[in-house]
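Number of protein chains: 2
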Amino acid sequence: MQVSRRGWLKNAGVACFGAASGGLTASLCGASTPPAAGAPPLPWPYVKLDADAVAAAAYEMHYKAGCCYAVSGSIIGELAKKVGAPYTNWPMALMTYGGAGVAGVGSLCGGLNAAAMVTFMVAGSDEKAKQGKASEITRDIFNWYSQTALPDFRPAQPKFENVKIVSRTNLCHISVTKWCKASKCKISSKEREERCACLSGSVARHTVELLNAHLVGAFKPAHPLSEETQSCRKCHDKGSAREDARAQQDCAPCHFTKTPHPKL
Amino acid sequence: MQVSRRGWLKNAGVACFGAASGGLTASLCGASTPPAAGAPPLPWPYVKLDADAVAAAAYEMHYKAGCCYAVSGSIIGELAKKVGAPYTNWPMALMTYGGAGVAGVGSLCGGLNAAAMVTFMVAGSDEKAKQGKASEITRDIFNWYSQTALPDFRPAQPKFENVKIVSRTNLCHISVTKWCKASKCKISSKEREERCACLSGSVARHTVELLNAHLVGAFKPAHPLSEETQSCRKCHDKGSAREDARAQQDCAPCHFTKTPHPKL
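Protein chains in written order, with numbering that gives the first Met the number 0: chain Z, 0 to 263; chain S, 0 to 263.
No lab work stands behind these hints: they were computed from the structure.
Don't take every hint at face value.
Same chains, same label: a pair holds when it works inside one copy or across any pair of copies.
[Claimed, not checked] Straight-line distance between alpha carbons at most 27 angstroms, and here's what the computed DSS-like set of lysine-lysine pairs gives: (1) Lys180 x Lys257; (2) Lys80 x Lys189; (3) Lys158 x Lys183; (4) Lys237 x Lys183; (5) Lys262 x Lys63; (6) Lys237 x Lys63; (7) Lys47 x Lys219.
Here chain Z stands alone, though its shape is the one from the complex:
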């Protein structure tokens, strides 16, 4: 835990009476310079979490401030209980910004955005090797989300029974519209809110499962891109002839859905 110089001096002032009356020894009291300002460097300490408990917390938190708040807050909240600082100093409301694909825009799913942020927080750093590992875990979460029938989290007392869909996307508005079509419910229905709360539970749980595996060196990517997309990448990805598409997600759900690919 580090504090600003101003904060340190303020604490030094308010603390001295209590410290003196508490009989602290001279060895504890001999420091003469404040600690440097700044958060501890990444990665922040991670301990094994109960994935089911985190999922249940995410479900409940979704009803307070949406998906991005729920997935980040459920994991960071558990780490705050078990580890303390620096997690206790995290501004929990901040990730609310990512809700409904960022500010309601319908872009990247807020649960995935939060999962990526937390993964970097506990596995990333300013070192390239750790960045690579955090990115590898994040991409596996994104691919799992796109390829799996979700939500697969069911709360103890569901408000509605849920319809699962395979979204084939990391984008909020595509995922929601597919679910609306499958469930015959509207975007502003209570059933849709329950669906996204359950989805926050699913994403939080899966993220914790992968981070628990990473903690003991047991993480292995389990959701590669489709063979079809690997084929696309042979002509469009880095090192290919065209080298004009920088993406690591399945192409077919959006491209050439109604018209064929130009003849090769």
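Following the hints, complete the assembly by docking chain S onto the known chain Z.
Just chain S now, kept in the frame of chain Z:
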């Protein structure tokens, strides 16, 4: 500035000698309970920033750790200089996670992701009214990005002269591919890296311009969705007959580009 109880007690210990020898008065030393743990509530204090200076910093920072790090770090770095805590305690490396559309996935542009996060940090909160204002500013940034010929930031010493495109998207991989087509450069070229560094400059500058306006109550949305999209929303948005598309971005760049909309 607030610290954890453990951090407070530690500081109380290391501070008491210095405090006693410094002759602090009893009134400063009379507190008997530590401050509560946690970051200060949002919004964090914002002061007017020099948008051009922030843009120049974002351009430079892009070459260190990518778009999301650059846009967030350039703004937070300036606030840390001018305001101090809590910005001095922000883990600057964290937003690296959003680079290249999050971990290289090519989803949401990392510059926009960072702009949305910082906007919520200084304009949002757990109050619905402030969340609404932060979202309104964020959506205007997203629409500006989609509708404007970018990058419009030019560094003092550009590595390459740039081609501008109107991306019509908030997604990294679409924006990059359109630029590759216009510039005839590849995704892994130095020219593409320079283009995205300039784009980070553009996004950081525009975000600061809107936050400066918000600071004095002068923010007004300037980039509405297209008339065509407003027409789409009449049938698909909340309150409409179908109510099956939750998005606030222009539809046409992805939908019905090669096949017509079903007859109404």
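These are the hints, each one checked on the structure:
1. Lys180 x Lys257: both (19 angstroms within a copy, 23 angstroms between copies)
2. Lys80 x Lys189: neither (31 angstroms within a copy, 45 angstroms between copies)
3. Lys158 x Lys183: within (17 angstroms within a copy, 53 angstroms between copies)
4. Lys237 x Lys183: This pair counts as between: shortest inter-copy Cα distance 15 angstroms, intra-copy 41 angstroms.
5. Lys262 x Lys63: neither (51 angstroms within a copy, 41 angstroms between copies)
6. Lys237 x Lys63: Intra 42 angstroms, inter 21 angstroms, cutoff 27 angstroms: inter-copy only.
7. Lys47 x Lys219: The answer is within: 17 angstroms in one copy meets 27 angstroms, while 47 angstroms across copies does not.
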